[in-house]
Amino acid sequence: MPTDNKLLSIGEAAALLGVSIDTLRRWDSAGRLPSIRSGPLGHRFYKRTDIERFLQAIDVAARDWAESTIASQPNSDVYCQTRDVFQARLEKFQMELSRVAPIEVVSLVTAVAGEIGNNSFDHNLGNWPDIPGIFFSYSIRDRKLVLVDRGQGILTTLKRVRTELISSGEAMKVAFTETVSGRYPETRGNGLKFVREIIVKNPFSLYFQTGDAQLYLKKGDEELDIQPIESKINGCFALINFEELI
Amino acid sequence: MTIDLKKFGTTLVSRPSGKEAWLAFQPVLNEALPEEKIIVDFQGIVVLTPSWADEFLTPLRAVFKDKVQLMNITNPSVKATLDILDEH
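In order, the protein sequences belong to chains A and B.
Under the working numbering, the first residue of the first sequence carries the number 1, and numbering increases by one thereafter.
Under the working numbering, the first residue of the second sequence carries the number 247, and numbering increases by one thereafter.
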């Protein structure tokens with residue numbers, strides 16, 4: 001991993017953000033994410049901190065809520081305490097997205113969001129550590145959505161059926177690659193595998209964190225690039241970018 | 247018989263709603279004749295996920311096996327869901 005003060009090439013920045021190089025050029029011209037021009041040919045470079053700040057910009061409230069040691073209910077406009085509220089808001093999102101995107105895109109984005117959001121309820125029902133439900137927020141303009149829970153996290157859930165798991169990174173890998181359900185004796189549990197299948201076959205990107213493990217996933221990825229992260233959360237945090245789909 | 251799936255909704259994403267659909271539909275399924283084909287029509291479905299399908303389609307196939315036929319499965323989330331279910 002590059003150090004904080006090292007400049008990233010446009011290719012490295014694009015990979016971290018899960019967008020194409022052309023998109024970054026467009027964002028640069030529009031002033032949305034300015035680059036640093038360097039070298040004799042004036043190539044574009046990016047500060048790692050700028051990329052990280054950009055990634056967090058639209059979901060800063062969600063991350064604060066996920067990381068806070070003080071449990072509090074989110075604002076009512078983003079808080080889905082129960083599955084019914086989530087379903088209603090997901091359908092509202094679907095309707096708004098369908099004004100700017102074809103049904104193929106609406107279908108896939110909503111399916112990924114629906115699976116991740118419902119996973120939170122499936123695995124924490126009756127076991128929420130403090131605040132029940134999920135934080136669901138989106139920006140159609142920025143083509144992003146965020147889904148967060150303050151649940152038990154994937155490691156705690158999967159450890160019930162896979163006792164050998166000791167880290168969030170291992171648990172995340174199992175959840176994204178194997179059919180295993182933390183809801184023993186249910187044999188099902190392929191929600192995050194489904195999410196992965198869709199993301200890697202379409203111009204989407206996903207940032208996912210559970211515990212102290214994080215994952216960036218984007219189109220074409222064959223391996224899971226799971227990395228440790230210092231700012232631990234207990235539940236799950238998912239940020240989906242679908243800009244390149246539209 | 248033909249099951250017009252959109253009568254359960256067009257955004258079929260959660261386990262509880264899939265389970266509820268399965269339970270609610272039992273009286274109709276019980277009327278199926280021994281050799282009758284069970285056609286599941288996905289026409290009009292906008293969003294389907296494995297969570298919903300696992301609770302409805304998986305038990306339907308377990309009971310009626312080869313008699314279950316699927317039609318109008320072109321929606322991308324329907325296709326992706328069926329791909330995942332068929333792997334297992």
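Source of the hints: derived by calculation from the structure; they are not laboratory data.
Here the structure is a predicted model, which means the values were calculated and not measured.
Just so you know, not all the hints are guaranteed correct.
Straight-line alpha carbon distances no greater than 27 Å define the calculated BS3-like cross-link-like pairs of lysine-lysine that follow [to be verified]: (1) 311/B x 92/A; (2) 144/A x 283/B; (3) 313/B x 92/A.
Derived coverage of chain A by chain B (criterion: at least 3 residues anywhere in the stretch with Cβ under 8 Å from a Cβ of chain B; other residues may be distant) [unchecked claim]: (4) 90-97; (5) 104-111; (6) 210-219.
For every residue, glycine included, the Cβ atom is placed at its ideal position computed from N, Cα and C.
Evaluated hints:
1. 311/B x 92/A: violated, 36 Å
2. 144/A x 283/B: violated, 43 Å
3. 313/B x 92/A: violated, 36 Å
4. 90-97: holds (count 3)
5. 104-111: holds (count 6)
6. 210-219: Violated - the segment 210-219 of chain A has 0 residues with a Cβ nearer than 8 Å to chain B, which falls short of three.
The structure fails hints 1, 2, 3 and 6 (numbered hints given earlier, in ascending order).
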